[in-house]
Structures are given as C-alpha cells and as structure tokens.
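Engineer: What follows is each chain in one-letter form.
Number of protein chains: 2
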Amino acid sequence: MTTVVLLGTGNVATHLFNAFQQTKKIKVVQIFSRNISKNNVGNMNPIITDNLKELIDADLYIIAVSDDAIAQVSDQLQLKNKLVVHTSGSTPMAALNTKNRRGVFYPLQSFSKEKAVDFNKIPLCLEAESKGDETILEKVAKAITPKTYFISSEQRKAMHIAAVFVNNFVNHLYHIGNEICLEHHIPFEILQPLIQETAQKVQIINPVNAQTGPARRNDEKTINSQLEQLNNKTHKEIYELMTRSLIETYGREKL
Amino acid sequence: MTTVVLLGTGNVATHLFNAFQQTKKIKVVQIFSRNISKNNVGNMNPIITDNLKELIDADLYIIAVSDDAIAQVSDQLQLKNKLVVHTSGSTPMAALNTKNRRGVFYPLQSFSKEKAVDFNKIPLCLEAESKGDETILEKVAKAITPKTYFISSEQRKAMHIAAVFVNNFVNHLYHIGNEICLEHHIPFEILQPLIQETAQKVQIINPVNAQTGPARRNDEKTINSQLEQLNNKTHKEIYELMTRSLIETYGREKL
Numbered sequence: 001m002t003t004v005v006l007l008g009t010g011n012v013a014t015h016l017f018n019a020f021q022q023t024k025k026i027k028v029v030q031i032f033s034r035n036i037s038k039n040n041v042g043n044m045n046p047i048i049t050d051n052l053k054e055l056i057d058a059d060l061y062i063i064a065v066s067d068d069a070i071a072q073v074s075d076q077l078q079l080k081n082k083l084v085v086h087t088s089g090s091t092p093m094a095a096l097n098t099k100n101r102r103g104v105f106y107p108l109q110s111f112s113k114e115k116a117v118d119f120n121k122i123p124l125c126l127e128a129e130s131k132g133d134e135t136i137l138e139k140v141a142k143a144i145t146p147k148t149y150f151i152s153s154e155q156r157k158a159m160h161i162a163a164v165f166v167n168n169f170v171n172h173l174y175h176i177g178n179e180i181c182l183e184h185h186i187p188f189e190i191l192q193p194l195i196q197e198t199a200q201k202v203q204i205i206n207p208v209n210a211q212t213g214p215a216r217r218n219d220e221k222t223i224n225s226q227l228e229q230l231n232n233k234t235h236k237e238i239y240e241l242m243t244r245s246l247i248e249t250y251g252r253e254k255l
Numbered sequence: 001m002t003t004v005v006l007l008g009t010g011n012v013a014t015h016l017f018n019a020f021q022q023t024k025k026i027k028v029v030q031i032f033s034r035n036i037s038k039n040n041v042g043n044m045n046p047i048i049t050d051n052l053k054e055l056i057d058a059d060l061y062i063i064a065v066s067d068d069a070i071a072q073v074s075d076q077l078q079l080k081n082k083l084v085v086h087t088s089g090s091t092p093m094a095a096l097n098t099k100n101r102r103g104v105f106y107p108l109q110s111f112s113k114e115k116a117v118d119f120n121k122i123p124l125c126l127e128a129e130s131k132g133d134e135t136i137l138e139k140v141a142k143a144i145t146p147k148t149y150f151i152s153s154e155q156r157k158a159m160h161i162a163a164v165f166v167n168n169f170v171n172h173l174y175h176i177g178n179e180i181c182l183e184h185h186i187p188f189e190i191l192q193p194l195i196q197e198t199a200q201k202v203q204i205i206n207p208v209n210a211q212t213g214p215a216r217r218n219d220e221k222t223i224n225s226q227l228e229q230l231n232n233k234t235h236k237e238i239y240e241l242m243t244r245s246l247i248e249t250y251g252r253e254k255l
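Protein chains in written order, with the UniProt record's numbering: chain A, 1 to 255; chain B, 1 to 255.
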C-alpha cells in the first residue's frame, strides 16, 4: 500500500481523494487545508491539518492547490528528500523546491466539484526526476486509471496549447453556432447531436480523415454564398481563416 | 399507415429505409434506383424499379439523391399534386418542381453506410407548403424520431452555416491539436477524453457559460507565452483570431 498526503481541498484534490478512496492500494494518511473551519473538506475524513509543520511521513505528497500557490506551498514544506508532486498542467516541475524529489501528477480534464468524475477515463500525465520515482508515480496513477503517460514539462506546455485548441476554441465555435441559431430562431438543440457525433468520430478515426464540408471539398460556390450570409464581422473572419487553413491542409486538387 | 416511395439508394436512403422498417406506422411501398443491377440495394426488399414512369401511388415521395440530382429527378417525375420532398440540408425547397406539393425531410447528421444509426437521436428538419402536408411529414418523422422541427428554407441555410462552425471547423481544430501533439511526440489519445467532455458539456449548458481557458480570463501572460511557442504560421493566426473573438465576447473586465 502506498501512503499519500494530499495538500489542498479544491476540485482536483477532492476528485483525487474520492478516487483514492475507491482503491485499497492507496491510503490517504493526511490532508492539509489552509482553512479547516470552512465547509470545504466535505467527506475527507482522514487526519486533517492546517499546519504544514505537522505533516506526517508518506510515500507521496500531492500539492493540489492553485497554480499561483504551488511554489509557495512547496517552499514552506518542512520535508527533505520526499517525493513531492504538483497537479498543474501549465506549471513546470521546476517550480517545486529542490529540497525534495520533484514530480508532476497532472489529470488532463476540467473538473467541477459538483460533477462526479469517472477517473477510469481520465489521462494522468506523470513526470519525475528518477526511474524510482517514476515507478512510484505510475503505481499510484495506475491504481485509479489505466490511462497513464510520462510527459515532460516541455511536452506538457505543448499539450496545454493543444488543449486550448480542442477545448477552449472548440467551445467558442459552439458559441458562434449558437449565436447563428439564435439570430435565425433555430433551437440550438438541433445541433447538439452533430456536436456529439463530431467529437465521437475522432475517438476512433484521425481528425484529418474525419474532415467533411465545403472547405474540404474546396466548394467555392457554397463557401462564397455562406460568407455572404454571415453578418457578424468576426464570424466572417473566422470562417475565412478556417476555410483558408482547411484548403491549405487538403489542397486545391479537387478544383 | 402512411405509404412512402423512396427515391435513391445512398446513405440517407438506406438509413431512412432501415428506420422505416422498424415501425408499423410507415410502409415503404417502392424504391427507385437508377442501377438495380448494382449491389447497392442491400436488404431493400420492396418492389424496386429503375423506371420513373413505373412509380406507384403513395402518400409521400422522398427524393434522397445527391444535391445536384434533386431538381432533375423532381422534374422527371410523372406525378401530379403528390407530396414530394428532398432530404438535403443545403437545397431550398424551391428546387423541387411545382407540379407536385413540395417539402423537405432533412435529417441533420452525417451518415456513413457502414455505421448503424440510432434515428431516435437524429433531428429531422421538416418543411412543407401547407398545414396539411406539414401534418403528413410530422407523422412520418415522429414514427422514427422524437426530434422533429419545422425549419424554413432560409433557416436551413443558416443552420448549415452553423453546422460548418460546430462540425467542420471544430474537426479542423481537432486536427491542429493532433498536429501539435505529433510535433511534440504526445499521443493524441491523451486529448480524446477532453474532446468528449467539451462536447458533452454543451448538451446541458449553454456554450457561452461553458467557456474556460486563458482567453476567457484574458490571461495575457499565458496567451503571449503560448503564441510564442506556436511555430506554424496558420496555427498562430487561428490562435490570435480566436483569442481576439473570445476577448470581444467576454470583455476585458478581468484585466
């Protein structure tokens, strides 16, 4: 059994705690929270402390606090040569204080406290400074999900950018689709199954092969007619740029 | 029971035929195919004809052929004052010959012949020229899906543009995410659960409220650092434009 001390009581900490409770391979032996008095500890029932000096011995210390606070919490730890990881996608491992063995334990998913999470489906991105620590992290990770990956800090930065494209920008396109629907009194729910199907497709086939539509076919008649119908200047710019990028990707061979 | 003649044996025709076979409320009494000899008729076992002059009497004639061929097939019909619809998202109802009562029966989904389709989840967009014909189309549609909508030709054009944003452009963002992953030797599968979660979210909440990320927060430090890391000129342009559009949408109040 691997022992874990969890630092933080936010979304990630809560979901990790719940996931660890499901397996006998991991025991959360302590939780650190700045504000024990607050109602933010829910059913986290192991020994809770608000004093970093009281941290007990464990195989792994997981700092699951906001990005800004990671370095500070890591600096304040009264531990030496322990395995200490953070859970942030956009923070390098080097943000952690060198007095301990450093690592990253980053679940790539957006969590909200209210929504239950099936950790089985969440990828865990791991990083450590030695083979031995990699083994410990992988053991802990595998106890809650089959999807574990060793990802360097450099790769994690790139992955974060890729996530901005496939999550943040994609959601903004959903918003634009919704705006076009509103303008024409079309219920957005008509588009919901298509949105789901589009996301579903790239679970099995490569997005480059899943592409359809007028820009993929370089169907200039449809493209020009759709551009003419767009009233919003920014929507038009996005339509033009995405279409140009699609034509660059698939070529003009079908003209 | 409503009788239907199906014209065409492509993806849409095949899936409609299969859906109609599941309900006793609809009887497909005839299928028209230009090439009976070909193996394209599968298990479509009612009376098949390749002669438009042999079409028998029915309550509804569904032209499920390629967009280019709709007007031609409709012109060639030897019928008068029958209810004739097409199944195209991008073709106006007016493309149909006026010698018959015209309408549209458009399933908003991308079909492939190999993949079975749960018609229950597919929205059917209906249009007709009279209340009476609307009632017939709704009856047929409701026999295969609860999701039926009356959508005018004008609205359908706008809906098609919205679909380009939430399907074609979204898939292209998935492709760009994949390219960034490839460049940094990150397996794309790490992003797949996030893609699914992003699509899942807007099934229940409005995309404008689901938005997260650096541009939503107007987090200039992260935005500038990510822009610097992008090597591909078009990726950079898309990042800049989407970020600008997000900041226009959510304002600068969080600066």
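It should be emphasised that the hints constitute simulated quantities derived from the structure, not laboratory data. Heads up, a few of these hints could be off.
Since the list can't tell identical chains apart, any single copy or any two copies may satisfy a pair.
Straight line, CA to CA, 20 Å or less: simulated SDA-like cross-link-like pairs of lysine to any residue [unchecked claim]: (1) Lys121 x Glu197; (2) Lys24 x Asp118; (3) Lys82 x Leu227; (4) Lys121 x Gln200; (5) Lys82 x Asp118; (6) Lys121 x Gln78; (7) Lys25 x Glu134; (8) Lys99 x Glu138; (9) Lys221 x Asp75; (10) Lys99 x Thr234; (11) Lys121 x Gln196; (12) Lys131 x Asp59.
Engineer: Hint by hint, note whether the structure agrees.
Structural biologist: Here is what the structure says about each hint:
1. In this homomeric assembly, Lys121 and Glu197 come within 20 Å of each other (Cα to Cα) both inside a single copy, at 19 Å, and across copies, at 11 Å.
2. In the homo-oligomer, the alpha carbons of Lys24 and Asp118 lie at most 20 Å apart inside one protomer (17 Å), although the nearest pairing across protomers, at 40 Å, exceeds that limit.
3. In the homo-oligomer, the alpha carbons of Lys82 and Leu227 never lie at most 20 Å apart, since the shortest distance is 59 Å inside one protomer and 36 Å across protomers.
4. In this assembly of identical chains, Lys121 and Gln200 lie within 20 Å of each other by CA distance both inside one copy and across copies; the values are 14 Å within and 14 Å between.
5. In this assembly of identical chains, Lys82 and Asp118 lie within 20 Å of each other by CA distance neither inside one copy nor across copies; the values are 29 Å within and 53 Å between.
6. Neither within a single protomer nor between protomers do Lys121 and Gln78 lie at most 20 Å apart by alpha-carbon distance, with minima of 35 Å and 57 Å respectively.
7. Proximity of Lys25 and Glu134 under a CA criterion of 20 Å is satisfied intra-copy only: 17 Å inside one chain copy versus 62 Å between copies.
8. Taking the shortest alpha-carbon separations for Lys99 and Glu138, neither the intra-copy value of 22 Å nor the inter-copy value of 71 Å comes in at or below 20 Å.
9. For the homomeric pair Lys221 and Asp75, neither the shortest alpha-carbon distance inside one copy (61 Å) nor that between copies (23 Å) is at most 20 Å.
10. For the homomeric pair Lys99 and Thr234, neither the shortest alpha-carbon distance inside one copy (50 Å) nor that between copies (43 Å) is at most 20 Å.
11. For a Cα distance limit of 20 Å, the shortest separation of Lys121 from Gln196 qualifies both inside one copy, at 17 Å, and across copies, at 11 Å.
12. When the C-alpha separation of Lys131 and Asp59 is checked against a cutoff of 20 Å, the pair qualifies only within one copy, where the shortest distance is 15 Å, while the shortest distance between copies is 72 Å.
When the structure is compared with the earlier hints, violations turn up for hints 3, 5, 6, 8, 9 and 10 and for no others.
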